[in-house]
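The chain contents come next:
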Amino acid sequence: MGDGSTGDSQLAELTARVAALEGRVQKGIADDRLSLLVFSGELDKQLAAFLLATTAAASGMKVTMFFTFWGLSALRDPKKRAKKDLLGRMFGWMLPKSSASLPMSSMNMGGAGPLMIRHLMKKKRFSSIEEMLAICAELGVEIAACEMSGSIMSISLEELIDYPHLTVCGAATFLDKAADSRVSMFV
Amino acid sequence: MGDGSTGDSQLAELTARVAALEGRVQKGIADDRLSLLVFSGELDKQLAAFLLATTAAASGMKVTMFFTFWGLSALRDPKKRAKKDLLGRMFGWMLPKSSASLPMSSMNMGGAGPLMIRHLMKKKRFSSIEEMLAICAELGVEIAACEMSGSIMSISLEELIDYPHLTVCGAATFLDKAADSRVSMFV
Amino acid sequence: MGDGSTGDSQLAELTARVAALEGRVQKGIADDRLSLLVFSGELDKQLAAFLLATTAAASGMKVTMFFTFWGLSALRDPKKRAKKDLLGRMFGWMLPKSSASLPMSSMNMGGAGPLMIRHLMKKKRFSSIEEMLAICAELGVEIAACEMSGSIMSISLEELIDYPHLTVCGAATFLDKAADSRVSMFV
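Protein chains in written order, with the working numbering: chain A, 1 to 187; chain B, 188 to 374; chain C, 375 to 561.
Keep in mind that the hints were calculated from the coordinates and are not lab data. On a predicted model such as this, the values are computed, not experimentally measured, just so you know. Incorrect hints may have been included.
Covered by chain A, according to a simulated footprint, are these stretches of chain B (three or more residues, beta-carbon under 8 Å) [as the list claims (entries may be wrong)]:
id, segment
1, 245-258
2, 315-326
3, 352-362
Only part of the chain A face toward chain B is listed, based on derived beta-carbon distances under 10 Å [to be verified]:
id, residue
4, Ala12
5, Ala19
6, Lys45
7, Ala48
8, Leu51
9, Leu87
10, Met90
11, Trp93
12, Met94
13, Lys123
14, Met185
All C-beta atoms, glycine included, are put in the ideal place defined by N, C-alpha and C.
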């Protein structure tokens, strides 16, 4: 005790332990980020995804939304067109043309359900998907379209909505973000 | 080496690094908690949510369940009533009156599917949703009803089941819990 | 300052703080693992699950897939049989016989949808579920079948596909893995 050289070796050992901790913490502690894999193309689930995204972003979290499979329809711009082969045109015709024409997962009632929900949300002064997209853009929410889904369903970037942070990427890029997020969800 | 003042400055530097680590770990390491966003109102998905919740709580994890959109129906008490406007009465009439009348996402067969699943679960001595709710109450599972969904579908707290830890809150409160959870899922 | 005994007590205090941090970090930092609860038995959602699993495993993450409820059908081997009671035979007859006969959650069109998706994926040279299962086996993805779901739907291990890392377990075992994962999702 009180011997300088013992103190030195203890200090050296402790320094090594702290460095090891710093490495683990650096690698292991997630970013303050919400990552959403938006698979579903139904109005109700898309609403849930956008509500989570805007709420998280408004409270200061970083947010990534990855639109894949049916979810991609919500990013289609009905005014834009792209050249497609026959199957691509079939898909384009069968899938919702934009977020404004998404069906519901329950109580769709031939389209009456979505109209009713939209009417009620407006009446109660909640934002629509289109309004939440604008809020997302303002708050810097990253939106990515799944490359593979676009390829399978013949939906190309040139058909998608104008959005400042829109990219096209693969599942690996999304998983990277998700692995570094405090919350990840499959919607 | 062995020089007190060098040791002092190393010690001071190390102390600062440890304090920084403590701060990051405090902020960054999640609570031993499971957070479930229960969106779906289908019997099979609700069963999955309650099985996860009771299993986690039984093994000592803290658990939060946030019921939103169709999921809210599982919390309705068929014996309770609330005053509603016309659209609210329509919703109340169309949505399941309680967990006992939830449909299934597959093989619903006009209500025969849920009866069959309930029969089989009883025969194999698995708990029903109603029994799992009682287990949740005992184990301290926090159940929250989504304020916005309640507002849109005109479901108020006074119509919900008696549950000791039941609250009404918004998505921001849920996200706070989820950000501090080891596991978060959208069911 | 420069006093050995002050240094010693500071060192002792710091050592205790570092040990506490090590404990918290050890317990609190998640493994580099993706845990998927595969609840859905629809082709599109199963594709999403297998795409996530193979992508994560290919990039070096550990991966656990827990197949439960309808998801279990994707693990059935149509060539294998097991003795069942009447309700078990009914379930066996109604559920998809293997991953090759899964329906879709949208645009099923009496089975034309799955054929179309399979055709398109083949044409664009994406792997089928059956090919991804082989990749999973090679990359060491752990696949577990839910014991309780198997019991309810009378699907036993002897009816499931040959897979090198296949086990049967309960929700508690899955939650343990999920609690120690960087990303957990309910598909």
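**Asked** What are the numbers of the hints that this structure violates, sorted from low to high?
**Response** Those not satisfied are hints 2, 9, 10, 11 and 12.
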